[in-house]
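Novice: Sequence:
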Amino acid sequence: MFEKFGDYMYHLLFGPLKKVAKAKNQLYIFLKVIGKLADQTKQDILRVREESMIISASELMLEQHGQERGMRRLKGESVENYRMRLMMKHKIAELAGTEQGILLSLRMLGYEQSYIEPYRLYDPERWAEFIIYLAGKNPSGVNDIAVIDSEVMKVKPASGKPSYAVEEQNRLMIRSAFQSGYSGYALCNTFACGTWPTQSNFGSLAQSDAAIKSQFAFGQVQYPLADTIRASEKLYQPRGG
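My numbering puts the sequence shown at residues 74 to 314.
Be aware that a few hints might be false.
Keeping only pairs whose Cα atoms sit at most 25 Å apart, straight-line, the calculated BS3-like set for lysine-lysine is [unchecked claim]:
(1) K162 x K234
(2) K105 x K162
(3) K92 x K109
(4) K92 x K115
(5) K148 x K77
(6) K115 x K77
(7) K95 x K105
(8) K95 x K109
No lab work stands behind these hints, which were simulated from the structure alone.
Required output: the full structure, derived from the provided sequences and hints.
Specialist: Okay, structure coming up:
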C-alpha cells in the first residue's frame with residue numbers, strides 16, 4: 074500500500090528504469106515533485122468535500138452555510154447546536170405554523186423538554202394565545218428570551234400569540250421498610266424437666282435499631298432572561314427624601 078502518489082507511480086515503472094539509484098534517477102525525482110502536487114490536490118479535494126457538508130464543516134464554514142440559508146448563529150449557541158439547527162432547517166420550515174414546528178425549533182435551541190398549553194384553559198377570552206413552558210435536560214446557552222421569542226415567531230401559527238413560562242418542580246420521597254425473621258433465642262416461662270414450676274421471666278434483647286434519614290440536594294439552573302431593563306428605558310422608582 075502506497076501513501077504517496079509519487080511512490081506509487083515509481084512502482085509502476087519498468088524494472089530497467091529503476092536500476093539507477095533514486096538519488097540520481099531523473100524519473101524518480103520528477104515523480105516525487107509531481108507526487109507532492111498530486112497529494113496536496115487530493116487533500117484540498119477532501120477538505121472541500123468536508124466543508125461543503127454541514128455535518129463535517131468547520132466552525133468558520135458553518136457561518137457561511139448559515140448565511141446562505143438565512144440562519145445566523147444565535148447568542149450563546151454552541152457550535153454543535155448551530156450545526157444541528159442548520160441541518161434541520163428543511164424540517165422546521167416544513168412544520169412551520171404547527172405546534173410540532175414550535176417544539177422542534179425549541180429543541181434545536183436546547184429546550185427539548187418544552188411543552189405548550191393553550192391560554193384558554195385559564196382565560197377563555199384569550200383563545201388565540203398559548204403558553205410555552207421552557208425546559209431542557211441541560212441548561213441551554215441560548216437563555217435570552219428575546220432570542221427565543223424571535224425564533225418562535227418564525228414558526229408559530231399566524232393567529233397565535235406566545236407567552237413564556239418556566240415550570241418549577243419539587244419531589245418528596247418517603248420510604249418505609251420492615252424486616253422479619255426467625256431466631257432460636259431461649260424461651261421464657263417454660264418448664265425445665267425435674268423442677269417445680271415457679272413464676273419466672275427471663276429474656277434478652279438482641280438488637281434494636283431506629284434511624285431517620287434526611288437528604289437535601291440542590292443545583293443551579295439557568296432560566297431565560299425575562300423582564301430585563303433595556304438601556305433606553307426609564308426607571309420609575311420612588312426615591313427617599
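Novice: Please go over all the hints and tell whether each is borne out by the structure.
Specialist: Structure-based check of each hint:
Taken as a hint, the K162 and K234 pair is honoured in the structure, with Cα atoms around 22 Å apart against an allowance of 25 Å. A C-alpha spacing of about 46 Å is found between K105 and K162, which places the hinted pair above 25 Å, so the restraint is violated. At most 25 Å may separate the alpha-carbon atoms for a hinted pair to count; K92 and K109 meet this at roughly 23 Å. Taking the CA atoms of K92 and K115, the gap is about 30 Å. The hint is violated against a cut of 25 Å.
Our distance criterion of 25 Å between C-alpha atoms is broken by K148 and K77, whose separation comes to about 44 Å. The suggested pairing of K115 with K77 holds, with an alpha-carbon distance near 11 Å, which does not exceed 25 Å. Distance check on the hinted pair: K95 and K105 sit about 10 Å apart at the alpha-carbon level, within 25 Å; holds. Between K95 and K109, the direct Cα distance comes to roughly 16 Å. Compliance with the 25 Å bound is thereby established for this hinted pair.
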